[in-house]
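Trainee: Each chain is listed here by its residues.
Number of protein chains: 4
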Amino acid sequence: MVSFENDYIAGAHPLILKRLMETNMEPLSGYGTDPYCESAKKKIREACVCPEAEVDFLVGGTQTNAAVISSVLRDYEGVLAAQTGHVSVHEAGAVEYAGHKVLELPHKEGKIVPSVLREYLALFYADENHEHMVFPGMVYISHPTEYGTLYTRLEMEEIAKICRSYEIPLFLDGARLGYGLTSRRTDLTLKDIARLCDVFYIGGTKVGALCGEAVVFTKQNRPPHFMNSVKKRGALLAKGRLLGIQFDTLFTDNLYFEISRHAIDMAEELKDILRRKQIPFYLESPTNQQFVILENERIRELKKKVMFSFWEKYEEKYTVVRFATSWSTTKKDLEALDEAL
Amino acid sequence: MVSFENDYIAGAHPLILKRLMETNMEPLSGYGTDPYCESAKKKIREACVCPEAEVDFLVGGTQTNAAVISSVLRDYEGVLAAQTGHVSVHEAGAVEYAGHKVLELPHKEGKIVPSVLREYLALFYADENHEHMVFPGMVYISHPTEYGTLYTRLEMEEIAKICRSYEIPLFLDGARLGYGLTSRRTDLTLKDIARLCDVFYIGGTKVGALCGEAVVFTKQNRPPHFMNSVKKRGALLAKGRLLGIQFDTLFTDNLYFEISRHAIDMAEELKDILRRKQIPFYLESPTNQQFVILENERIRELKKKVMFSFWEKYEEKYTVVRFATSWSTTKKDLEALDEAL
Amino acid sequence: MVSFENDYIAGAHPLILKRLMETNMEPLSGYGTDPYCESAKKKIREACVCPEAEVDFLVGGTQTNAAVISSVLRDYEGVLAAQTGHVSVHEAGAVEYAGHKVLELPHKEGKIVPSVLREYLALFYADENHEHMVFPGMVYISHPTEYGTLYTRLEMEEIAKICRSYEIPLFLDGARLGYGLTSRRTDLTLKDIARLCDVFYIGGTKVGALCGEAVVFTKQNRPPHFMNSVKKRGALLAKGRLLGIQFDTLFTDNLYFEISRHAIDMAEELKDILRRKQIPFYLESPTNQQFVILENERIRELKKKVMFSFWEKYEEKYTVVRFATSWSTTKKDLEALDEAL
Amino acid sequence: MVSFENDYIAGAHPLILKRLMETNMEPLSGYGTDPYCESAKKKIREACVCPEAEVDFLVGGTQTNAAVISSVLRDYEGVLAAQTGHVSVHEAGAVEYAGHKVLELPHKEGKIVPSVLREYLALFYADENHEHMVFPGMVYISHPTEYGTLYTRLEMEEIAKICRSYEIPLFLDGARLGYGLTSRRTDLTLKDIARLCDVFYIGGTKVGALCGEAVVFTKQNRPPHFMNSVKKRGALLAKGRLLGIQFDTLFTDNLYFEISRHAIDMAEELKDILRRKQIPFYLESPTNQQFVILENERIRELKKKVMFSFWEKYEEKYTVVRFATSWSTTKKDLEALDEAL
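Residue numbers (our numbering), protein chains in the order written: chain E, 1 to 341; chain Z, 1 to 341; chain H, 1 to 341; chain X, 1 to 341.
Among these hints, one or two may not hold up.
Identical chains share a label here; the pair holds if one copy fits it or two copies do between them.
[Unchecked claim] Straight-line alpha carbon distances no greater than 30 Å define the calculated DSSO-like cross-link-like pairs of lysine-lysine that follow:
#1 Lys-313 x Lys-161
#2 Lys-303 x Lys-331
#3 Lys-317 x Lys-304
#4 Lys-191 x Lys-317
#5 Lys-18 x Lys-317
#6 Lys-271 x Lys-305
#7 Lys-305 x Lys-219
Calculated from the structure, these hints are not laboratory results.
Produce the entire structure from the sequences given, and follow the hints as far as they go.
Mentor: What follows is the structure, encoded as structure tokens:
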């Protein structure tokens with residue numbers, strides 16, 4: 001069956017599998033100390049235009065969020081995130097498991113609004129009881145957000161400025177970063193992100209890899225013995241080559257950007273189809289995830305032919321559902337959807 | 001200076017100090033195994049009309065909340081609480097430190113609204129992604145709440161019923177329980193609470209003791225080796241006698257209720273004074289904490305003569321402040337306040 | 001350069017890569033809900049001759065140890081392990097990070113001695129202070145051990161019997177299980193292990209997979225919502241297919257056992273070479289890891305031609321080093337080593 | 001019955017109770033911000049001859065150990081302690097609950113031997129695998145130890161020197177510090193301890209207070225927002241006055257030293273009695289805890305008249321037991337023991 005269920009329905013981009021095959025029998029040392037990891041780190045530093053960046057490879061998103069957040073936060077701090085942020089809702093309490101509170105902020109289409117952040121911080125320090133409260137010690141944003149929306153450069157500049165004025169780091173969850181960077185409606189580049197964030201990650205799992213997220217500390221601020229902290233959290237992969245080779249391939253000849261752009265092209269065509277069918281959008285998403293409102297009856301019918309995701313209840317008889325494209329989506333998939341609708 | 005800053009401004013009720021003196025040189029075994037603890041437990045079981053209750057003594061409220069919540073929750077669960085709940089805001093992230101998320105619900109004057117709780121739980125299980133979410137594994141309420149308000153018996157019955165239908169325990173934070181039980185506008189008795197809650201605690205620190213909270217598991221549901229869990233959390237007092245003697249005194253001849261009622265009487269007189277001065281109440285509180293709205297200018301003046309607490313910003317020029325009475329408040333304190341206002 | 005550095009120097013067994021290629025473009029649902037995971041679980045249950053077994057796939061060994069141990073232990077319990085156990089020494093404190101103590105027992109060639117275990121447990125409960133101590137709540141053994149040694153069936157029966165008499169689960173770390181099961185000097189089968197252990201895992205990472213460990217709960221004792229606990233620990237792989245396809249391949253046509261047996265054959269030839277060169281063994285290992293004592297001088301020379309691992313200091317001028325074979329070791333590798341020696 | 005069971009069998013020194021009475025009705029602000037805490041801190045700084053010391057009051061020993069250790073350690077570090085250290089054995093895993101490993105060292109009569117410490121650290125950094133191990137990040141010693149023994153000044157100097165050369169802090173658990181400082185066989189002063197340790201605490205619970213431990217950071221090295229970390233661990237007492245007044249009293253007119261010296265005098269008489277009765281000592285203790293070897297039969301008899309503690313099994317028919325004196329021990333207690341023996 002044709003599937004728009006999410007952006008990790010397929011295996012890996014064929015070029016990645018090819019490289020895994022080619023290098024398979026080379027004896028390599030473990031835990032990220034192999035030359036492919038080295039090469040991938042170099043290419044990522046270049047793509048970020050950030051020569052001093054420190055890059056590490058972890059396996060998955062939840063793991064990366066928990067490891068970065070809990071390694072960077074001080075004992076008395078928590079992390080600020082949108083109420084809809086992945087760390088707030090869909091990670092089974094992984095940040096709390098690491099002993100820190102997620103301080104939830106109201107969101108606008110999945111985004112933190114700079115003025116809301118500013119006011120939160122001002123009020124926190126104005127509160128005479130704040131010594132008994134969790135200190136805001138980091139700002140977490142996802143880009144694209146869980147709703148497919150994007151921060152503008154201006155918004156990011158504002159948020160980064162607020163973070164700096166309070167001396168708290170800005171952390172960007174880029175599980176779907178490729179789909180943000182290649183959106184037709186963004187003015188934020190990878191270089192901007194490396195400049196504005198203190199730490200962020202470049203998602204592999206949802207952008208063509210079997211698994212893998214590349215964490216980038218941009219300001220010579222990698223926690224000491226970070227890999228030991230990663231090991232302690234059970235997040236250090238023995239065969240680091242699996243991550244190194246994948247990211248080395250993704251950052252060779254712009255593959256990461258090209259396959260992301262393909263997903264965006266597919267998403268734009270998907271939007272045309274949905275519009276033509278007069279299906280109302282839940283919000284305007286410029287990336288690979290599209291949220292629409294469907295009648296429950298229609299959902300039941302459509303599910304027989306196409307896979308997609310339940311998102312949230314809308315009204316008695318209506319539901320918000322998600323269609324996601326990815327590097328693996330084909331024209332044929334879209335035609336099948338068109339027909340099914 | 002006269003103080004309405006909180007309900008723990010004084011030492012202990014004189015009868016408690018007297019008993020500490022009288023028993024001081026008796027050699028007693030430690031960690032709560034002395035006869036005074038035994039006697040206090042017996043009296044508490046009787047006061048609760050709950051012969052099967054299991055009672056333990058801990059030192060303070062945050063500690064008790066964290067120890068009970070994290071000992072009772074299962075690994076994949078979090079605790080539901082009002083956004084304004086003590087565990088949500090003013091415990092420096094103690095529940096999260098224990099590895100569990102506080103799932104915050106909107107509140108009404110500090111209380112959880114039964115219908116809101118019911119809907120939250122229904123939606124949680126309706127969400128297809130809930131396997132990646134923190135499971136609601138306990139309901140935490142405070143009574144009186146942080147705003148001095150009280151649950152009615154009907155509300156408590158409803159909440160307890162919802163908890164039972166989802167098989168999750170109901171935990172009541174009674175840091176100020178005495179002031180709730182002796183309010184002139186309550187229909188909830190200690191017996192009701194023992195019947196409706198799975199676990200609750202009777203606050204000593206804020207009701208006449210130097211320190212101490214009596215945890216009551218009501219349904220033969222005390223976690224196995226609970227005192228080891230308490231020790232592991234650094235919450236087991238070596239000289240358990242200090243807690244046993246205090247609670248034994250508080251539950252002899254109704255002392256706990258009498259000193260609580262005194263605080264309520266003082267609070268009612270305080271309310272009369274505030275009303276006479278035409279100071280607007282922030283909300284209607286039937287217990288020992290009274291929240292009023294004062295002009296910032298007036299606050300500055302009043303602070304020269306009377307101690308009270310900043311609560312929260314109201315408007316540009318107005319602030320919500322709190323006046324608390326306690327077992328130690330005197331008529332003279334009220335007269336001084338009356339004059340200062 | 002030829003390498004005996006460890007058993008994870010190569011990528012994956014070619015048949016695994018082939019299956020990853022063949023299935024690559026199939027749209028599959030995530031998090032272990034795909035049909036390959038289902039099929040792999042079925043085959044593992046059959047290989048274990050344990051139809052009621054519950055099987056889950058995790059990514060790596062440290063992660064698996066921490067997730068299983070901390071999900072199974074009760075709050076007041078710790079895990080018993082040999083002083084040399086992986087969880088005791090080489091996991092950066094992952095079990096402690098999860099809030100539990102590793103109770104270290106003296107070892108014999110990496111193994112727990114049943115009588116030592118029995119005495120520890122008897123003494124623990126005889127100690128009048130044990131209510132302030134960490135309760136022994138699980139026994140962790142590795143098989144093969146970190147020294148390549150194996151438990152006999154009799155030893156395992158004894159340990160399992162002790163565990164049962166104290167009602168604590170027995171957990172076997174099988175990161176290298178294949179090399180134990182196919183050793184020429186073992187009387188323990190996979191069926192025995194499933195019968196005697198309460199939970200164990202079948203290592204993939206070190207036995208031919210890119211990554212992956214298959215956890216087997218054998219007694220209908222899988223913790224409720226275990227996958228949520230796994231997610232909470234950042235250990236749930238989005239593309240569960242990567243694990244399912246690998247284990248499905250490993251447990252098709254006995255591949256897991258055949259490639260393990262190959263490693264054992266190579267190890268036996270390696271031992272012959274070492275013996276011929278009159279290099280003293282540190283201990284007698286019947287599996288794929290061989291520990292020998294070399295002069296420091298000779299180590300320096302040999303390192304120019306062959307890769308192997310430092311293990312521990314032996315004497316001033318001597319060091320214990322490890323040579324490991326694996327499914328990927330070739331006759332040619334052995335010839336190169338023979339020559340280099 | 002006369003009791004030598006431990007050094008916390010009685011309430012508080014009468015002068016402490018007297019001060020609690022005298023100050024009882026003063027309205028004071030909470031959480032350690034009252035003038036008695038301030039005064040006590042000043043006196044402790046003076047007693048330590050360490051004007052830059054930062055002093056905080058916590059409630060109990062396990063709590064203090066866990067809070068200090070886990071606030072000071074970095075994520076990848078554990079704490080070195082003797083195998084017999086209180087944090088290693090009798091705190092129910094409180095340090096591990098805080099996410100850190102206790103790295104256990106062999107002991108000599110409860111003490112860490114400087115050369116053993118030095119070798120451990122040298123070997124750790126020599127081990128090529130140490131990036132996967134818990135880094136030694138603090139040294140924990142107790143003084144007096146759990147066996148009543150004392151470090152000499154020379155030993156302390158050596159340990160402090162080793163700590164400094166590895167840049168790890170030295171933490172001294174002084175739960176019974178008074179009994180060490182006033183021993184007839186010590187050359188270590190409070191000033192020495194403040195000079196050599198990075199952080200230590202002065203025990204109140206076992207030296208005349210109802211509860212309370214005074215933590216002293218000596219090198220301007222108090223973790224930022226330490227009280228928030230204390231609150232997060234549920235260890236912040238609302239009525240901080242209870243701790244402030246007690247320590248203020250203990251450090252007025254040398255009370256702490258005088259009552260400790262009394263316990264030592266009683267211990268020396270106790271030793272004379274035991275010697276006269278030709279009861280063999282398990283080890284030579286110069287402080288208030290005395291360990292002797294008794295026949296099991298004799299223990300049963302003696303327990304009818306005197307309370308003391310089981311310590312550990314010695315041989316089939318013999319057991320090590322402990323007699324402890326304290327500030328509250330009287331001549332009459334000793335006479336009763338003499339007679340009972």
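Trainee: Would you mind marking each hint as holding or not holding in the structure?
Mentor: Hints versus structure:
no., hint, verdict
1, Lys-313 x Lys-161, "between (36 Å within a copy, 26 Å between copies)"
2, Lys-303 x Lys-331, "within (19 Å within a copy, 54 Å between copies)"
3, Lys-317 x Lys-304, "within (19 Å within a copy, 61 Å between copies)"
4, Lys-191 x Lys-317, "neither (45 Å within a copy, 45 Å between copies)"
5, Lys-18 x Lys-317, "neither (47 Å within a copy, 46 Å between copies)"
6, Lys-271 x Lys-305, "within (19 Å within a copy, 60 Å between copies)"
7, Lys-305 x Lys-219, "neither (49 Å within a copy, 40 Å between copies)"
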